[in-house]
Structure formats: C-alpha cells, structure tokens
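J.: Protein chains in written order, with our numbering: chain D, 16 to 381; chain B, 20 to 287.
Please note: incorrect hints may appear among the correct ones.
Residues of chain B clear of chain D, computed beta-carbon distances all greater than 10 Å [to be verified]: (1) PHE40; (2) SER74; (3) ALA178.
Covered by chain D, according to a simulated footprint, are these stretches of chain B (three or more residues, beta-carbon under 8 Å) [said to hold, decoys possible]: (4) 179-191; (5) 236-244.
Don't read these hints as lab results, they were simulated from the structure. Beta carbons: idealized from backbone N, C-alpha and C, even for Gly.
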Amino acid sequence: MHQQPAGTTRGGDIDMQNVVKDFGHFRAVDNVSLKIASNEFFTLLGPSGCGKTTLLRMLAGFEMPTGGKILLDKADISLLPPNRRPINTVFQNYALFPHMTVAENIGFGLKMLGRPKAEIEKVTQDMLRLVQLEARGKHLVTQLSGGQQQRVALARALAPQPKVLLLDEPLSALDLKLRKSMQIELKRLQMETGITFVFVTHDQEEALTMSDRIAVMSEGKVRQVGAPDAIYDRPADRFVADFIGETNFLAADVVSVNGNVARVRLASGKEIAARFAEGTQPSGKVTVVIRPEHARAAAVSAEADLKGTIQTIVYLGTDTHIHAVLEDGTHFTVRQQNSRSGPCGFSTGEQIGIHMSDDVAQILRD
Amino acid sequence: MAKPFSVRRVPGFSTIAMICFIGLYLPIVTLVIYAFNAGTSIAIWEGFSLRWFQSAWNNAQVIDASIRSLQIAVTASVVATVVATMAAIATTRTVQYRGLTFKYAFINLPLLVPEIVTAVALLIFFSRVKVWTGYSGLGYLIAAHAAFCVPFAYLPIRARLESMDLTLERAAADLYATPFQAFRYVTLPLLWPGVLAGFMLGFVISLDDVVITEFVKSGGQDTLPTYMLGQLRRVVTPEMNAISTVFLLLSFAIVTIFFFLSRTEKTS
Ligand SMILES: Nc1ncnc2c1ncn2[C@@H]1O[C@H](COP(=O)(O)OP(=O)(O)OP(=O)(O)O)[C@@H](O)[C@H]1O
Ligand SMILES: [Mg+2]
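So here's chain D without its partners, still in its complex pose (with noise of 0.2 Å):
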C-alpha cells in the first residue's frame, strides 16, 4: 500500500530515464532523463509550454509518460496513482478546499492516510506555527489573502511529510516584494525538512536565487542541468545563454585550443581566451557569448579589446547599462556599478573601448 509517507526525515531520489510525453501527435516532453539527488532544492526552469508543468504532473502521477521510466528511490513509480506516491504537490492556483477550514486543509492528507485524530491535530498546529498562521486554523480558506492562502497549500503538501514536494510556480500570483519574502522561506523550509524540492518557474531570477541545481529546458527537451552558476557562466547553447541573464554574443574564430581554454580571434582583431563546455572540441568560427557585467568600458585604448560608439545609456539605480555598437555593426552591452554617485562619465555618441577580463567568454556548443 502507502510507502509510508510520513514519518520519513530524508528526501527522496529521483531517476527519469529517457521520459516522453505524447498528447496526440504533439510532443510535450522529449526525451527527457533527470536524475534529482535526495534532499535537492532541483528547478525546471524554461519559457512557457516548453513542458515543464507536463514533467511535473508525470512526476504527481496525473499523466502517464508515454514512453521512459521514473524511479523514486530506485521504485519504478511511473504507473503508480498520484495517491500511491508519497509526493504532493503545491498548485499554482493553490487547490484549497473551499468548503474546508485552513486545519481541515492542512490534515486532509493525513485523515486520508487514516492516522490518528491527535496525530493529525498536532501535525496541523505544527504546520500552522511553521508557516505563521497559528490564528487562522478555524477560517475557511476563502477569508484569506492570496499570499496567506499560499502559505496554507504549502503546508498542506508538507503535512504528511512526502519524499518529494512539486512545486508548480507557486508564487507568480504573489506581488513581488511577498514573492521575494516567500523565496527565502521555501529555501528555509525545504532546508529545515529535508524534503526533495522540484520547483518550476520561468522566471531565471528566482530559479538563480533558489535552486541547488536547474534543468533549463526548451520544447519539451533539457537544454542544460547545473548549479546556478554553472548555467549562468557556462551556458551550453545559444538558448541557454539567451534565456538566462543578458547576453552579449560575439562571432569569433578559434586561434588554438589548450587544454580546457581556447583563444579565440574577435572581429576587432584582439584575441581572448574563452572556455568551453567540456566534451566538445571547438573550431574554425564559433559564437562566444559575453555577460554585460564582465565587460569594463573606457577611454578608447590600443589595449581595448573591442572598440564601439555609446547609443543608449540606462540608468538603473545599483547599475548602469552602456548599449554600444561595435565597429562590425554588432550591439554590445556593459553593465557597470554605479560606485559614486553622480554620471557613469560616458555620454551616448561617444567613442568607448570595451576590456574583458581573462576567463569570461564562452564559446556556445552549436
């Protein structure tokens, strides 16, 4: 029957082996093999209808994979009913009983695993005190706010203590400052629990901040599996760097390779050193890409690595961002801290090199 799913510390694992989604002849997910280590804070991250809500929901056990296999804790699990896995998930419209109470809600998973009125009584006053809604236990669901009704399907995935918690963009309904605050709570709670977390969202921002590792996926495909940092410094392709961040992107021709690291040939003549994704072996002309934030602009110089015109200059508070044209006609953004305060010392029209430090570029698998 039940594996048990209460009364567990650790996390569960998670094995998807070559995972295909059909609905008719369109195809949701493709081929799709995660494995997801116990106790992880995992993110699929992707735009809209790349699948990401079709992944989750086989993982839930609300559709059946067409093809492929998913193991919890190395059981295949792949044709079980969503109320044989010790899953639970937080819907992104929440999902809460609207004829319950916010106690109700929160025991419902555990009264129908049958336990014990006092057990269920407790767990629920320990879930209500863990998401700060001790005083609202006899209200009904419906008398609450958005974010506090969030906090409630939050509990109550976590109150019979899954393997494994999915999270199906469970705080783009909030504004952002809650959204901010519900962030760093979720990271707290997951750590806390021990809990597998499978988090979905499209928004890289949160997906950077949260996650100990993201899928960034694409049409139904995963584009890229890393830490936060690997994605960002190190993305694969041309996708993933464009989706995560601002990107500069560079035509360039591959000089020699030495090891792990590559010196490249811009169109301004210069050459850098640029890394590459491991397992490939980069030649003739690549793509390498850029982040705006490891360029430095200044007075024109011989030792400038590329040469540009200032067209825009935006002022954002913490930066400023210097749109410039190189003199192949390609745009090139730097982003730099705004230290003192006062102008960045540019004005728009005006001639800039653009320095890089070592190590920064990328050359994209293509």
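Go by the hints and put chain B with the ligands onto chain D.
T.: Chain B with the ligands in isolation, oriented as in the chain D frame:
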C-alpha cells in the same frame, strides 16, 4: 447627454409587461381567493370561510391521493437524483471522446419526446410486464416518474460539475485520497447544491405530473393531480381551489427552502 439605453423606455414595454403578469397571475389569484369562499360556487363570492379546506382535509380520497403523490415524488426524485448524479459524473469526468455529445443528447432526449408518446409507450410496456409478473403496485408509477425526472435532475448537477475546478479533485488524489474518498470528501460536498437543485426540480416535476400518471396508474392509484382531474369532470366546488392553494403553498415552500439552502452554501 444621452441616457444609456433602457428597455423600460421602449414604447409599450410597460403595458405589455403588465398584461403578461396579469395574464399569468390573475387566474391564480382568483383561484386562491375562491378557496376561501363560504358558498359552493367557484365564481360567486358569498363570504369568507375555511370550510373547503376543512372538507378537503376530511376527504379520505384527497388525503390518500396526497400521500401517494408524496410517496411517488420522494422515491422517484431520490432515484432520479442518484442516477442523474452518476450520469453527470460519467459525462463530465472523462476525456472528450467521439459520441460524448450524442450521449448528452441521449440523456436529455426525454425532455423533447412528447409526454403523451412516452405515456402510451409505458402503458403498453407495463401492461405486458404486469401480465408476466403479476405485480401491480406503485412500482410502475415510481419507475415512470424516476425516468422522466432524470433529465431535470441531470441539468443542474452537470452544470455544477462543469463549473467545478478539476484541480481540487487532483489535489485530493495528490493528498492520498482514493478515488472514492476524493468523491466523498471533495466532489460531493462541492456538488451538493447542484444535487439539491436536481432533487427539488425532480420532486416538483413528479408531484404535478398528470399525463404519464393517468396512463400508467392502476385502479385506485390516483395521485393528487389525477384525482383532481377526475373530480373536475363532475361537480366543481371550491374544495378544488382549496387543494390547489395548499399545493401552491407546498411548491413555494420547496422553492424557498432550496433558495435559502443554496444561498447559505455560497456565503459560507
Ligand atoms: N492535456 C493536453 N493536451 C494537449 N496538449 C497539451 C496538454 N497539456 C499540455 N499540452 C501542451 O504541451 C505543451 C507543454 O505544456 P506545459 O503545460 O507542460 O507547459 P509549461 O512549460 O508548464 O508552460 P507554462 O509556463 O505556460 O505553464 C504546451 O504546448 C501545451 O499546449
Ligand atoms: Mg505550467
């Protein structure tokens, strides 16, 4: 500045509306008034009296027919509501498939079949069954009423199911509820106002059915409407008015109860 369009200012609107209301309610009002007539005429007022209510109350046939009407209406609408609930779940909690629309139509078809056709068909069918089984109790009337109440009960229940958020049932399954538990603890409580509406509709429809009852009933199985119809063929006294008035009050009461039940659902 031009005032926003209002249908009330269309010439003749108020007049036509008034005529409609009068046409609808004047006969009923007259009927109720003459239920309190002291004389024996249903057209000449001879003073106020409750004698016809008393006479109806003491009329064993009226009481007998009323009890039978209630028996049939309660049993038939309970059966119809259960069947309609199951039909509504079967037709809404499923993936879209070819023939689903056909199935909707099939369930609602009895609304379109002329009642007289159903009545004649049932008369012929049941008379055979009576010969085979030898049974001639109320079962036939209950079965017939339940059958034509199903589509009435089905409509509000299906409407409620369709407007319900499917993720709630998914959430229940996610929280370890078996399909039966999910139905018992989530679907049914949320569906309840629809079920109640279906039951009330079925009840009212069954209570005042004449055509099918007249054809299907065996001797001595008069319901209140068929009894009244039989009486109208003979002498008409304000006793008929009195019975009708009570009948009217009963229907009002049912509708009012339902109105408040559905309102408390919404506010809670
Ligand atoms: N039941 C279904 N039948 C047919 N197509 C579906 C079904 N569910 C999803 N799809 C399609 O599969 C694709 C992926 O959908 P999915 O909901 O997984 O996207 P998503 O990544 O969660 O997007 P979003 O960020 O907008 O929520 C979409 O193109 C969608 O139209
Ligand atoms: Mg989605």
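J.: Hint by hint, note whether the structure agrees.
T.: Here is how each hint holds up against the structure:
{"no.": "1", "hint": "PHE40", "in the structure": "holds (39 Å)"}
{"no.": "2", "hint": "SER74", "in the structure": "holds (48 Å)"}
{"no.": "3", "hint": "ALA178", "in the structure": "holds (18 Å)"}
{"no.": "4", "hint": "179-191", "in the structure": "holds (count 6)"}
{"no.": "5", "hint": "236-244", "in the structure": "violated (count 0)"}
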